[in-house]
Every structure is written in C-alpha cells, then in structure tokens.
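*Asks:* Sequence:
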Amino acid sequence: MKLLKKNLSPVAEHVLLVILDGVGHTTRKANEGNAIDGANMPVLKQLWATKPTLQLQAHGTAVGMPSDEDMGNSEVGHNVLGCGRVFDQGAKLVNKSIETKEMFHGKTWIELINYCKLNQGTLHFIGLFSDGNVHSHIDHLKAMIEQAKEENIKKIRIHVLLDGRDVPEKSALEYINPFEEYLTNLRTQGLDIKIASGGGRMTITMDRYEADWSMVERGWKIHVLGEGEKFSSAREAIEHFRKQDPSLIDQYLPGFVIHENGEPVGKIQDGDSVVFYNFRGDRAIEISRAFTEKDFKPFQRHLPNIYYAGMMQYDGDLKLPEKFLVSPPAIDRTLGEYMANTGIKQYAISETQKYGHVTYFWNGNRSGYFDEKTETYVEILSDIIPFDQAPKMKAGEITEELTKAIESKQYTFLRVNYANGDMVGHTGNYQATVEGLEFLDTCIAKLKEVCDKTNTVMLITADHGNSDEMYQLDKKGNVQIKDGKPVPKTSHTLNPVNLCLYDPLNRFTLRADISKPGLANIAATILDLLGYQTPEGYHTSLLKR
0 MKLLKKNLSP VAEHVLLVIL DGVGHTTRKA NEGNAIDGAN MPVLKQLWAT
50 KPTLQLQAHG TAVGMPSDED MGNSEVGHNV LGCGRVFDQG AKLVNKSIET
100 KEMFHGKTWI ELINYCKLNQ GTLHFIGLFS DGNVHSHIDH LKAMIEQAKE
150 ENIKKIRIHV LLDGRDVPEK SALEYINPFE EYLTNLRTQG LDIKIASGGG
200 RMTITMDRYE ADWSMVERGW KIHVLGEGEK FSSAREAIEH FRKQDPSLID
250 QYLPGFVIHE NGEPVGKIQD GDSVVFYNFR GDRAIEISRA FTEKDFKPFQ
300 RHLPNIYYAG MMQYDGDLKL PEKFLVSPPA IDRTLGEYMA NTGIKQYAIS
350 ETQKYGHVTY FWNGNRSGYF DEKTETYVEI LSDIIPFDQA PKMKAGEITE
400 ELTKAIESKQ YTFLRVNYAN GDMVGHTGNY QATVEGLEFL DTCIAKLKEV
450 CDKTNTVMLI TADHGNSDEM YQLDKKGNVQ IKDGKPVPKT SHTLNPVNLC
500 LYDPLNRFTL RADISKPGLA NIAATILDLL GYQTPEGYHT SLLKR
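Per numbering that gives the first Met the number 0, the very first residue in the sequence shown carries number 0; after that it's consecutive.
Please keep in mind that the hints were generated in silico from the structure rather than gathered at the bench. Just to be clear, a hint being listed does not mean it is correct.
Stated by the list, open to error - 27 angstroms max Cα-Cα, derived BS3-like pairs, lysine-lysine: (1) Lys474 with Lys403; (2) Lys242 with Lys116; (3) Lys141 with Lys91; (4) Lys229 with Lys106; (5) Lys266 with Lys4; (6) Lys344 with Lys266; (7) Lys543 with Lys4; (8) Lys154 with Lys193; (9) Lys242 with Lys229; (10) Lys484 with Lys474; (11) Lys148 with Lys1; (12) Lys403 with Lys481; (13) Lys484 with Lys1; (14) Lys515 with Lys475.
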C-alpha cells in the first residue's frame, strides 16, 4: 500500500500541518465571547486575511457524529484529518447499537449480566454524566439501566463524573436533579438503584496520556473503595462544594462518596460487574488499565474479582479493554500508514494533553509507529495545573523543537497540535484564553520565519471550535447574562474552522468550488502539495491546480 507520484509541477518538498486545537471561525466579536477576535494576533490574522483561506466543516456528520447538532471534538477531528475520510464515530455507533438491540444481544452484555446474577453482585456504571455527546451521553446510561432492569438485575450503582466542559460549566444539578427523580421512580418498581460516588472530570478518573495518574488513583479510591468526603446525596455534595467556593466549576468539583447509615452505598467488590460507559477512548484508557491489568504499577491497588467492560474498545492495539459493548470504527488506510509504506519521513509533535491526537488518533486509533525508521514522534510534557493559570502551556517549547525539525530538512511531512485554544478555552476563562492565543501567535510568527528559510509550505487549521465562543448563547444567539456578567462557555462549538495555505514562494492556492469542504479534505490536499496521487476513497484535494 504505497503512494504513487503524479507528474506535477510545482511540488512542495516539505509540508507542515499546524493544528490550532479549538480555534474555530466565527464573525462574532470579542464582546460576544470570541476570544480570537479579542486577542492581539497580528501574524495569524494577516495570514487569514491575505493568504488562501477556506472555512471547513469540523462538526456533526462531517466528522462522523450522529447529526449536525453535535459538536466536533479532538478525537474525531484528528481521526478524519489523518485518514482523509469520514467514519461513523462513537456516539453514532452506540446509538445504532442500542436502537437495534445489538448491544444487548452481544456476548459482553450477556456475560456481564450473568456474572452479576451468578455472584449476586452489583452492576456498576461509571462515566461522564451529561449529554455533551463528546465522551458519553446520559441516554446511553439510561438505556443500559432499563435493559438491566428488564433482565432482573436487582442492584445497580452509578458513579457520576461531572462534566461542565462539553456542557455549561455549572450545569451538574440540571442533570442530577431529574436523574434522581428517574431513580426514585425505578425504586418504586423494586429496583435497588442509587448514585454511589462522583466528582469533577478534571479532578478524578478521567486523566489521559498518563499526564496525572493521581486523578485515576483518586477515582479508584472513591468508586472502588468508597473512600472520600461523605454526603447523603450527589446534590448535597455539589451544593456543599459550591457553597465552599462559588467560583468552582463542575469539571473541578472534588470527589465524593454517598453514605447511608455510616457506610458507602456502592463500593465495587468481588462478584460485581462494571461498565465504563464513555465511548471516547482517550480519557477511558487509564481507568480501564486500573480495572484490568494484573501487573499494574501506576499506583497501589487491590483488584477485586469483577467483570469489567468498556462501552467500546479504547485501544485496539493494546486490546484495551478486552471486553467491550460496541465495536469502534475500523479506520484503515490512514495517511500516516501510506506515507510510512512509501518511505516518506514524518514528524509529529505536541504536548502531553494532545500528544495522542497527532499520533494515536491521527493513525486511526493505532498505538505506536508504522515504521520507526521514517517516523519521529515528540512529546513535550504538560504541566499538571489548571490551564488558565499558565495559558502559554507548552507552545514555546513545542515551537522550539519543531523549528529544529523543520530546519533539519529531514522530514517531508510535519504535523503539530497546539493545545492552547482548546485546553485554556475549556476553563471558561476568557482573558486567559486571550493570553494563550496571543502567545500562540508569536509561535506562528516563528514557524512562518523558518518556513520562509526552508521553503516549507504551511497549512494552518483546527480540529474544532472552542475559543471562538467563550460565552453561552441563548436560542436567539444572544449572550446569556447572569449577575451582570456573561455566562462562560466551556464546551466546543458548531463553528467551522479555517484552513490557511502559506507558501513562501506563492505557488499554490485553494479551490473555492467545493461545496461544504471539511477536515476530511486535508489529507488529499497534503498529498497533492507533495505531488502524490490521492488514495481511493479519500475526499478530494482542496488545492487548485
């Protein structure tokens, strides 16, 4: 499976793809929450204004989500960027599996139900507790609860990871309160079902890329051992933490354990079954390792004899977890694989928070290298602090290393992800996001300078929006105001993203005749710049020849 050269001129010798994570495109102004408009970014804004630039679809069906009302995210965005096509993604696959009942007829579901019954155990569900549809959806949880009830499971416990990131930042009770009513109704029907523990997604359990194993350890102690601050209900816990610190948003709420009569209501013990119901893989891998690895070293833990299943298999190469409810998309023939087989030298770099996006997700949910001789992957370690406290993140260090790689002229194709627009944007801190973007612009200036020196063609895009819409909007599109201030928005957006082409020799331009171009068009565009034929099935190149 190799690439074939075209008989074309001109051809770029080196191509750099810059992914500005979370930097979407909108005509809204700074006072409407557009941190990009509010940031002093002379270099990037001049490039957008004077160089060939298109707006690309980066959400909904353009990246494999169920509908165009669904936000894009970094996982699906990098999948599409790296394979040049659109595959049905996690949310869509789970929806279909539930609708057709395929999930409940599958071997894993049958085994976890039978394990509970055989051992008179408890069925536990752990996952992100919202309808953000980026990592999970609360409707999936309810569907599994209803099915378990139909199959005469007697005892169910739920461990809620509070969101405030893919949904409004202080919306936890908007999910908890109606869900508690739902549970009350189920209890009147004889089902022993309760929320057992919880905490903010950036405090417990949902770490990724081994950035902070202590998050997973805290989650383990809370969910499994029932060790943590005690409350009589999830609502009481949330109200308590908010009273202690009114500025605290859901994703950073401390962990908590629900107690009755002085005892935790839902420790995970021998004979229990556990489902981690997130469908997205990056923040599900570490907790899955903790539940399945026999020789586990990141922290001390006693592994109870349980049946553990993920909503999906989060790492196909590591077969992690071994048991899962829905098969993930089988993404094949990625750009990285084609290049490796052709002998094209590739370079990928990001900091820890996005390192897996330019490697694992870019390569179609595949760990490791296709060919270590032709591929170089560089990870810059992220800081373990709230990102609005250091909005520059590791953009400076990334740029320094990337500049060296470009100057070496060793690599035909280079890719980089800058996390600032997304990770700082998720904090809801408008000013910090502006600061992160402004520093990012200085990095783009340095990349532009080194591209000029080496005749490297630079493509600048994003995987989805975030920092372009930092305030919550009502149904009419107006900024929501509370206590005289705009309500912060911490989730991704439905806005398109820019694709800007910078060629130091001004040889190339972009097509404007393709209806609704998307992220899937970028892979073919890269190949077209380098003079290679587009593989069968890839979305067409946006390069004007």
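*Asks:* Determine for every hint whether it applies to the structure shown.
*Replies:* Consistency of the hints with the structure:
no.: 1; hint: Lys474 with Lys403; result: violated (48 angstroms)
no.: 2; hint: Lys242 with Lys116; result: violated (41 angstroms)
no.: 3; hint: Lys141 with Lys91; result: holds (16 angstroms)
no.: 4; hint: Lys229 with Lys106; result: violated (37 angstroms)
no.: 5; hint: Lys266 with Lys4; result: violated (60 angstroms)
no.: 6; hint: Lys344 with Lys266; result: violated (50 angstroms)
no.: 7; hint: Lys543 with Lys4; result: holds (17 angstroms)
no.: 8; hint: Lys154 with Lys193; result: holds (9 angstroms)
no.: 9; hint: Lys242 with Lys229; result: holds (16 angstroms)
no.: 10; hint: Lys484 with Lys474; result: holds (18 angstroms)
no.: 11; hint: Lys148 with Lys1; result: violated (52 angstroms)
no.: 12; hint: Lys403 with Lys481; result: violated (48 angstroms)
no.: 13; hint: Lys484 with Lys1; result: violated (56 angstroms)
no.: 14; hint: Lys515 with Lys475; result: holds (24 angstroms)
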